[in-house]
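A.B. asks: Using the sequences and the hints given, assemble the complete structure.
Order-wise, the sequence lines are chains A and B. For the first sequence, my numbering gives the first residue as 1, with consecutive numbering after it. For the second sequence, my numbering gives the first residue as 1, with consecutive numbering after it.
It should be emphasised that the hints constitute simulated quantities derived from the structure, not laboratory data. A hint or two may mislead.
What the hints assert, rightly or not - Now the in silico label distances, taken between C-beta atoms and shown as ranges: (1) B:A391 <-> A:E5: 41 to 51 Å; (2) A:N10 <-> B:G83: 40 to 50 Å; (3) B:K407 <-> A:I24: 43 to 53 Å; (4) A:Q43 <-> B:H26: 48 to 58 Å; (5) A:Q43 <-> B:G409: 26 to 36 Å; (6) A:G75 <-> B:A58: 20 to 30 Å; (7) A:K26 <-> B:A370: 17 to 27 Å; (8) A:P51 <-> B:H26: 47 to 57 Å; (9) A:Q43 <-> B:K275: 28 to 38 Å; (10) A:P51 <-> B:S252: 34 to 44 Å; (11) A:D45 <-> B:S295: 10 to 20 Å; (12) A:G86 <-> B:Q478: 48 to 58 Å; (13) B:T248 <-> A:I24: 52 to 62 Å; (14) A:I44 <-> B:K275: 27 to 37 Å.
What the hints assert, rightly or not - Which chain B residues face chain A? A few, computed with CB under 7 Å, are given here: (15) L144; (16) G193; (17) G304; (18) V308; (19) L339; (20) R379.
Stated by the list, open to error - Heads up, simulated EDC-like pairs for lysine to aspartate or glutamate below, C-alpha to C-alpha not over 16 Å straight-line: (21) B:K334 <-> A:E95; (22) A:K29 <-> A:D4; (23) A:K29 <-> B:D414; (24) A:K13 <-> B:D322; (25) A:K13 <-> B:D338; (26) B:K2 <-> B:E483; (27) B:K82 <-> A:D74; (28) A:K29 <-> B:E351; (29) B:K33 <-> B:E483; (30) A:K26 <-> B:E351; (31) B:K33 <-> B:D12; (32) A:K13 <-> B:E410; (33) B:K2 <-> B:D481; (34) B:K334 <-> A:E18; (35) A:K33 <-> B:E351; (36) A:K26 <-> B:D481; (37) B:K91 <-> B:D481; (38) A:K33 <-> B:D414.
Predicted model only: the values in this text are computed from it and were never measured. Even for Gly, the Cβ is constructed at its ideal location relative to N, Cα and C.
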Amino acid sequence: MSVDESTVINIAKLAHLEISPQEIPKYAKDLSKILEVVQTMDQIDTQGIEPMSHSLLQDSELRADAVTEVNNRDGLQQSAPAIAAGLYLVPQVIE
Amino acid sequence: MKYATIATLKADLAAKKISSQELTSHYLQRIKKLNPTLNTFISITEEFAINQAKQADAMIAAGKISHLTGIPLVQKDIFCTKGIKTTCASKMLDNFISPYDAHVIEKFHHDGAIMLGKVNMDEFAMGSSNETSFYGAVKNPWNLNYIPGGSSGGSAAAVAAGLAPGATGTDTGGSIRQPAAMCGLTGIKPTYGRVSRYGMIAYASSLDQGGPMAHTAEDCALMLNVMAGHDSRDSTSVKQAVPDYTATLHDSIKGLTIGVPKEYFAEGLDPQVAKVVQDAIKEFERLGANIKSISLPHNHLSIGAYYVIAPAEASSNLARYDGVRYGYRCDNPKDLQDLYRRSRGEGFGPEVKRRIMMGTYALSSGYYDAYYSKAQKIRRILSQDFQNAFAEVDVIMGPTSPTVAFKIGEKSQDPVSMYLSDIYTLAVNLAGLPGMSIPAGFVNGLPVGLQLIGNLFQEAKLLNIAHQYQQATDWHTQHPDLEELA
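C.D. replies: Here is the structure:
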């Protein structure tokens with residue numbers, strides 16, 4: 001199966017990625033080639049096999065439902081592109 | 001001193017033959033001379049290192065010597081460092097300063113190790129050649145026209161060039177083992193969950209694992225002693241005691257059964273690399289090991305499964321880069337959607353965007369079962385194949401990579417040919433197993449790595465086996481000639 005240009009546009013929209021019109025054919029070609037490799041998976045029947053989401057033998061442990069982090073707003077916001085009064089600034093959302 | 005091992009430096013520090021400050025300034029000087037050519041560093045943390053060295057010397061003078069007290073190291077720029085830029089080699093994080101240290105960084109600091117700097121890598125650890133870095137390609141010290149491997153290419157090149165005796169790497173599909181192989185180093189990817197991922201910038205969370213890269217297995221054991229262990233801040237970090245990895249290095253390997261998968265020597269393997277790897281396995285026979293031919297019948301399916309699972313996890317993990325809380329933001333966004341889309345479009349490089357697109361596609365409505373679910377089922381089959389093999393053998397050996405390092409630019413325009421070069425390493429991550437690469441010889445002046453794969457939590461065994469090989473061979477003691485640059 002190959003990926004056509006309208007699919008590329010749709011995926012880019014889902015992934016919130018701006019791609020230029022000139023890049024679309026390249027993505028279609030690259031993703032189609034990757035899918036060719038991915039489709040080698042169809043060589044075997046996997047019916048009845050339990051999917052494996054991770055390799056840990058035991059279930060991961062739940063931590064206690066307790067506050068462990070101290071307030072570090074200034075530290076966390078030092079790399080923010082735009083802040084004011086401890087808040088993150090974005091373009092106006094509601095008219 | 002320039003290619004000294006961590007073990008030697010540790011002995012010299014303890015015997016007060018040299019101070020950590022002298023050692024640190026030696027490496028900083030060499031970095032300044034060689035880095036402009038090799039491009040291994042993203043940040044050189046000179047002042048920070050000198051301060052740490054002073055503290056380490058005080059610790060040593062007071063007799064408080066831990067595993068790596070006073071030893072200078074370099075850190076892959078994927079590990080968050082408090083107050084020091086952490087970029088993951090991406091334009092997206094070019095100005096990112098973490099408010100906290102990664103667990104691994106904390107452990108090294110606490111142990112008294114010195115951080116010389118943050119080293120280059122493929123952007124967000126996505127790549128096998130270190131060519132996808134926003135900061136440019138890293139050169140292989142063995143031949144400056146060749147790639148050092150990836151994604152931990154800066155780590156490998158730094159150690160191979162004698163800019164540090166050890167480095168951290170991370171391995172999602174081979175990113176410690178393959179650059180170690182291509183630069184003539186020893187590197188180990190521990191069992192998934194052995195080393196905390198807290199503060200290690202995520203690529204594919206069910207596969208990512210940090211580990212050491214150095215000249216010898218003994219040095220890797222010293223570093224892993226510091227890195228391994230439970231951390232409650234990473235819910236996948238396992239609660240299992242950490243052995244002293246140096247304690248079993250000297251155990252005999254007589255009677256060890258080595259499994260050699262026939263699939264690892266099939267079409268696609270460079271015949272000269274095959275010869276080097278087969279000779280290395282014969283050396284183990286001389287050391288008293290038994291060789292057994294085995295089969296990992298579904299290994300060829302690992303590339304398909306990996307290039308669904310890793311991009312799917314990446315597309316989800318990298319959704320956090322939205323141009324709002326940290327990282328790159330585009331100029332003059334016209335609305336919030338435009339801010340998201342252009343910040344991400346401009347902040348990520350081509351390979352990262354390709355993988356986000358692939359992952360988003362695999363997870364999109366209507367394709368989930370055909371790709372993601374199918375890949376997870378194959379993951380179980382691959383894992384079962386390894387368990388079947390480990391019922392008969394103690395360790396699995398084969399090549400780390402099908403070829404030696406390739407030329408810079410040779411594969412960068414063809415993502416699929418780059419992906420195929422990971423054929424021997426991907427399944428190990430999918431199964432969560434520990435894997436290692438050790439120097440085993442050369443082809444055309446470029447190093448060849450022998451891969452060792454162990455069962456879950458068998459790091460000590462792998463290090464023991466590698467150490468025994470390094471007692472009998474001298475591949476790990478050979479170094480590139482860089483004196484013209486120095």
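A.B. asks: Any hints from earlier that this structure breaks? Give me their numbers in increasing order, please.
C.D. replies: 3, 15, 31, 32, 36, 37
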